[in-house]
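Student: Spelled out from the first residue to the last, the chains are:
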Amino acid sequence: MKRYIAKRTLQAIPTLLGVSFLSFILLHLFPGDPAEMILTIISGSEPSYAEIQRFRRQMGFDKPLIVQYLHWLSNAVRGNFGTSWTEGKPVMDLIMQRFPASAELFFTTFAISLVFAAVLGILSAIYKDRAIDHFCRIFSLLGISIPSFWLGLVLIWIFSVKLHLLPAFGYGNGDLKHLILPVVTWSFSFMAIKTRFVRSCLLEALSQDYIVTARAKGLRERIIVLRHALRNALIPIVTYFSLSIHHLIIGSIMVEVVFSWPGLGSLLVESVFKRDFPVVQALVFLSGALFIVVNLIVDLLYAVIDPRIRYGD
Amino acid sequence: MLRRDFLKYVAIGSAALMLGCSAKTPNVTPTPTPTTTSTLSQYKSTFVLGYGKDHKLNGGKWGIGFFPKIHVLERLVEYDLKNDTYLPCLAKKWEVEQNGKVITFELAKGVKFSDGSDFDANAVKFTVDWLKLNHPLGSETFDSVEIIDPNTVTIHYKDDGFFNLAKMAEFHMSIMSPKSVEPEGNPKGKFVLPVGTGQFKVADYKESQYAIYEPNPYWYERFRIKPKFKRFVVNFIFDDDTRVMALESGQVNAISDYVHGGSAYTPRNLIPQLEKMGYEVFKRVIPLTWIIAFNYEREPFNDVRMREAVDLAIDRNEVVKIFDNQVLPARTLFIESAPGIKEAGVVYECDPEKAKELVDEVGFKGTVEMIVDKAQSDQILVAQLIQQKLKGIGINVKLDVLESGAYKQRRDSGKYDLRMYYIGGTDRRFYLRMYWRFYPGCKWCAYVSDKTGELCKKILKEFDEKKRKEYLIEFYKAIHEEHGVVPLYFDIMTVVASKNVVADGYHLFHYPNGIPFGEPLFYDVGVRT
Chain F
0 MKRYIAKRTL
10 QAIPTLLGVS
20 FLSFILLHLF
30 PGDPAEMILT
40 IISGSEPSYA
50 EIQRFRRQMG
60 FDKPLIVQYL
70 HWLSNAVRGN
80 FGTSWTEGKP
90 VMDLIMQRFP
100 ASAELFFTTF
110 AISLVFAAVL
120 GILSAIYKDR
130 AIDHFCRIFS
140 LLGISIPSFW
150 LGLVLIWIFS
160 VKLHLLPAFG
170 YGNGDLKHLI
180 LPVVTWSFSF
190 MAIKTRFVRS
200 CLLEALSQDY
210 IVTARAKGLR
220 ERIIVLRHAL
230 RNALIPIVTY
240 FSLSIHHLII
250 GSIMVEVVFS
260 WPGLGSLLVE
270 SVFKRDFPVV
280 QALVFLSGAL
290 FIVVNLIVDL
300 LYAVIDPRIR
310 YGD
Chain C
0 MLRRDFLKYV
10 AIGSAALMLG
20 CSAKTPNVTP
30 TPTPTTTSTL
40 SQYKSTFVLG
50 YGKDHKLNGG
60 KWGIGFFPKI
70 HVLERLVEYD
80 LKNDTYLPCL
90 AKKWEVEQNG
100 KVITFELAKG
110 VKFSDGSDFD
120 ANAVKFTVDW
130 LKLNHPLGSE
140 TFDSVEIIDP
150 NTVTIHYKDD
160 GFFNLAKMAE
170 FHMSIMSPKS
180 VEPEGNPKGK
190 FVLPVGTGQF
200 KVADYKESQY
210 AIYEPNPYWY
220 ERFRIKPKFK
230 RFVVNFIFDD
240 DTRVMALESG
250 QVNAISDYVH
260 GGSAYTPRNL
270 IPQLEKMGYE
280 VFKRVIPLTW
290 IIAFNYEREP
300 FNDVRMREAV
310 DLAIDRNEVV
320 KIFDNQVLPA
330 RTLFIESAPG
340 IKEAGVVYEC
350 DPEKAKELVD
360 EVGFKGTVEM
370 IVDKAQSDQI
380 LVAQLIQQKL
390 KGIGINVKLD
400 VLESGAYKQR
410 RDSGKYDLRM
420 YYIGGTDRRF
430 YLRMYWRFYP
440 GCKWCAYVSD
450 KTGELCKKIL
460 KEFDEKKRKE
470 YLIEFYKAIH
480 EEHGVVPLYF
490 DIMTVVASKN
500 VVADGYHLFH
510 YPNGIPFGEP
520 LFYDVGVRT
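Chain order of the listed sequences is F and C. Letter by letter, the first sequence follows residues 0 to 312 of numbering that gives the first Met the number 0. Letter by letter, the second sequence follows residues 0 to 528 of numbering that gives the first Met the number 0.
Extracted from the complex, chain C is given alone in its bound form (with noise of 0.2 Å):
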């Protein structure tokens, strides 16, 4: 036998043994890891991604958009929703004391911006002097910021409690090179572009037009993996039908949800024709509860048992049918993998004849205004099924759906009875929109009650997990008794692909270390040649 035959006969058998083991493996889930022996030959050069927004990279009211937080910038800490933690991320490790006023942050050593100058505490004390005097977030967290040493920076906040290290997670408080200002450094400077420690880096951009990014070698580096392209092309595709028949034409290879989530995603309905035709599709539910928010302060809904009616009339299921069963029905606050859903046992039922039972209790007889976005068309089709829902059990429902700029006015001077409104956010946000839409005083409130108020108070205060957890089971009994807010349904994240797209569910929401991200990344996609 030839040397070359006996070489090919031991990869064939070979081939065939580990086929045979492979078959015979019991269910064991392979720990996902990114691909590090891919060619660059293998894949085209350009990946290419339609957008709904255009992500600003050159600054305006808050900065840079939330694409380019996620992806060209990164932060000190990272949140873990499932377990409720806080792991490390550009920060080693941290020190609370005063209860949260003040957090030593122990920075990771070795880490690079794109342009391949060296993270240090400058760079923190830089983004942190940048936010308090740019961004009402940072006004509103920040008092100051001192370096202890190159690696070790302490940040000094306003208040204490354990808010702050969750805000530190925050997209808003993403990290970025002192480079990003001209003058160099200067948080009074005018900002040029964002200059990060993240996957890419920015190469053009184009107002409404597009953004291109390429990998930045020392964060593939540091991860150990080798990006499968050499340009990132950011489509900006306004309309949602006009995104999908881009990707249909080939023009991108994957659209995308915004990653904010709640606006400027793929239509819904389209994603089982979209799955049919061969598209791949990556979802992730993320603790966005999209829910009836009452005007609690005037009548009628100021009385318990008219939201409780409200609460009780309404048919999930129903509601999830507006989207072809692609979001999941809210029966509970927050999807179950948020902190305390699970043990806080409470669950919101569909019950029209108790509903009914309630108004008439209550003798109402009018007619209720309800205020819906116009922007938001998928909202204007539940509210009409709220609409009819609440017929039912005899509310009548004005709708009134209006021009952003007038939804914004109607709300804001308190002028109707009930209107659709989200809570939570993406995971990273799932305190900061507690904070936003529960606590008192703030101007973007759901509902606050002298209890839930108190009780958001406490969460928000309480760095011990289990007692944070405690409290936040009580506050969902507390919004379930009071019917605060009415839960709908969860909202997803998704990113369509075309079949030629290499890409997996798992390293398109997890950061190569495994933390788990709300917003899809796009580090380890490739698209075949």
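Bound conformation, chain F alone (with noise of 0.2 Å):
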């Protein structure tokens, strides 16, 4: 097991070394010379040549692109991403200001999400053609094929402006009936194709002949589905949930934006938008790192899963 840990992490390594490039070479691959457009921003001028020239120096963008990139990376693995261009802020306080209410709305929408896929999820695959199963599968469809923003507006209106019960927007500095629109807003999309993916993988477990054998052997269907069904379907549906943690930096760009919550989906559109891009590259560059760390979480949490799974030991 130690030696499967130590390999996947080596392993882990040369893509996170890609993700970091890929963040770093967004400013390059821009069009356009970076040192004109840094002096752009922030002077709100058009630059002279010169002044191009001496920026170019004191950034170092004359030298050859790999030293930039390990001398970027050496700052980032530090969790110096630089200064954002347009705040003038070092980029970590702005993604740390945000970051509070990202990962409030996110694990709440992921907990929520959770629970509820599994369980309609279960009594889908359980009551197949059955009312639940017609019920469960027109909500995951309703639920894919809504847009957020829609949904967002919708329930503004029922439960703001008509009910006068909830907030329409803001974060509320902790308030939790703030979180609750955004959070409904987001599970109904985030849990739909989860719910699909917990019902398929369970029928098609279901369908397997260890099952057909465990109820030959008399035994009651609740501990077949949970004990023999559900465990051997877990491996794709914790993967297929794992995948969704690039979302605590990314967030649900158009539910922050509906809500005017102050998390980090609004805080990459803002500055993309405002071609930020010492904060673009952090979050990018974050984001992909969280993804390949969660990842290797899962690869590893597959053997307590699966007892099967011994990892050459």
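The set of hints was computed from the structure by calculation and includes no laboratory data. A virtual CB, placed ideally from N, CA and C, is assigned to each residue, including glycine. Hints may contain errors.
[Stated by the list, open to error] List time: in silico PhoX-like cross-link candidates among lysine-lysine, alpha-carbon distance up to 20 Å:
id, chain 1, residue 1, chain 2, residue 2
1, F, 273, C, 407
2, F, 161, C, 275
3, C, 373, F, 273
4, F, 88, C, 205
[Stated by the list, open to error] Far from chain F by the CB rule (all over 10 Å, computed), these chain C residues:
id, residue
5, 85
6, 264
7, 283
8, 376
9, 399
10, 501
Mind assembling these two chains? They're in different frames, but the hints should get you there.
Tutor: Shown next, in the form of structure tokens:
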């Protein structure tokens, strides 16, 4: 097991480096001279050729790309992504300012979606082609088809404008009332596809020979579903759920915009519009890195979920 | 008769007499003065506004946002668009030397910053030095500043010309206290919070969420009026529809357009509905004209006939229908009250037949590319209408609706034929935008030719109002003759308020001393209990 952990960790490093390189190269891939672009954004006016040359030297843009990348990477691994071009503040400060709101929205949505998707998916699989299955399928289909921004606006209209029950916008400094509508809006689409996924995985497991054997042994249906079928269906389900983790950094852009939620998703959008590359680079890098780390953890969890997996020990 | 009964009858009689007299009064416009007799008990302690952008309060690239620049700070001078004059504000009077290369401002006495400290020449010097170091407009404008005495300051500008005075009414030139930075008074210091002489002082600010202001007692005392709230909360609600629904839900008392104009505004199509629902809508037409800008340096729009054809093909009445007729069709380059517009008598007509003849005469048969910024959703609809109208005269338009970054990239690289753009702005930006859009060599130009460029230079140099107006008239005529840009519609500034909000259209767009403002002001607004 230890060897497996070490091997997987080592395997993650090149991927991580790849992500970091892609994040770094963003600035250089964008059409135009980075030095000119930064100076234009910072000063709000067209810089002269001499100014551009001076700035290029000052920023190290005249050095080979690989040297620039290593310099950027050495800072990035220490949490230093530079200073925002438009805000004039350290990028990490901007990210940390928005992180609590993002985390609150993501983890609440994730937890609710996880519970509902699991329950609905299991019910749908157990009662295949019956009323409850039809309901779950229609529910999933609606969740997948309805755009979040539209659902958000409808919910605001019902619960804020008509019923005056919940606030229409804002973070509310931890007031749970403010969390309800964004979470419901996001959860609806978040859980929809996952409900279908749980259902199909479970249905596949339920059609296996060992389930027929279990039934022939006279086991109760509850035990067959939860202990035999679900446990075997868990690996794809856990993998699929874990893939959502990048939303912690990227957030749900539409939900954040509709509800004026001060999270990282809206920061990313603002930064892209303002061409604030240090912020975009940091968010892309952190999102990619988090994705890789979570994947690694999930890989290791497989052994816990499925005892047959022993990773060559 | 008891004394109490006597007093009752006298009171009833007086009221009836007053009512009778007022009914007979023939259309006398009362001089609007802010309510001075109100007491706070009539009003809620907090007024909540929904606003579409986070107006930064803690610095950033260009310092603080436009909203606090208007509400927390004041300027040395203010601009009256209708009369094309600059009026005293923090400066009582000024003396121009060397054709504007040097201006000496005599400052108003007895003015205090919201923290109780005195406004004086030191604050002006600090602001000018800070702008020189931190703001592109400041660095290109100011040369040096010297304190003559505590109430007199002389500013030396890099160039001469009337434009220097015009710039002093601009948002960015708002005066702030040396205490706005740390260490205090150091222009290289870290910006903390704006401290100004304006209507409000900053009480709290949460980035991307809200700003809380409190009335600045010294400002209210100076104008002898009483505030109708203790706290003014500005909630940042970025989505237009959510902002309107926040108003409907009662979470905010009013919603306002972005004070800079042109974006983050109440959807124009919703305004009639909101009016029907009983909300009060305050509107002010501002000299911000949306136009079609050409890439006039390459074919086919380097040919004036092609530009004229586009101009003649556009029916501006149809354009404003997109906005439910809430904005005004632009048949002139700027609104009627802009200096020289009426006198110039230049009118942009619609004549698709003539437009078609011109296209035939040029022999144009190809397709042109029009770029549109995706972030401006209304502009996509306008662009589609333009596409349809130009097709009617034989010009095929390929619309490229682009994400903002990509749009700017295409615009800057000059790979387009047509684009939507705006000239002018709120009143105070009239001459600044004249510079940015029509001055030779400016990055954000809309159109420049030898003739219009020269006229633009003369306009921005000329102190004499009469001569300046003559140049402006010539300029409007030249732009029209050369069909440099195609005006489409004039933008408006709106405030939509709930029924329980006490506000009037005059004070929302005028300073208490009668100076007209293009941006909405909230110093005299109250929310009834």
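Student: Hinted pair, alpha-carbon criterion (20 Å max): residue 273(F), residue 407(C). Please report holds or violated.
Tutor: Cα-Cα ~10 Å, so holds.
Student: Under the criterion that the straight-line Cα-Cα distance not exceed 20 Å, is the pair residue 88(F), residue 205(C) satisfied?
Tutor: Distance of about 15 Å is within 20 Å: holds.
Student: Far enough from chain F: is every CB of that chain over 10 Å from the CB of residue 399(C)?
Tutor: holds, 15 Å
Student: Taking 10 Å as the cut and beta carbons as the points, is residue 283(C) off the interface with chain F?
Tutor: Consistent with the label, residue 283(C) stays out of reach of chain F, its closest Cβ about 26 Å off (over 10 Å).
Student: Given the proposed pairing of residue 373(C) with residue 273(F), does the C-alpha separation stay at or below 20 Å?
Tutor: holds, 14 Å
Student: Would you mind confirming whether the straight-line C-alpha gap from residue 161(F) to residue 275(C) stays at or under 20 Å?
Tutor: holds, 17 Å
Student: Would you assess whether residue 264(C), listed as outside the interface, keeps its beta-carbon beyond 10 Å of every beta-carbon in chain F?
Tutor: At about 16 Å from chain F, residue 264(C) clears the 10 Å cut-off, so the statement holds.
Student: Would the non-interface assignment of residue 376(C) survive a Cβ cutoff of 10 Å against chain F?
Tutor: For residue 376(C), whose nearest Cβ neighbour in chain F is about 13 Å away, the distance exceeds 10 Å, so it holds.
Student: Would you check whether the claim that residue 501(C) is not at the interface survives, using Cβ distances to chain F and the 10 Å cut-off?
Tutor: Given that every Cβ of chain F is farther than 10 Å from that of residue 501(C), nearest at about 23 Å, it holds.
Student: Residue 85(C) clear of chain F by more than 10 Å, beta carbon to beta carbon?
Tutor: holds, 25 Å
In summary, this structure violates none of the numbered hints.
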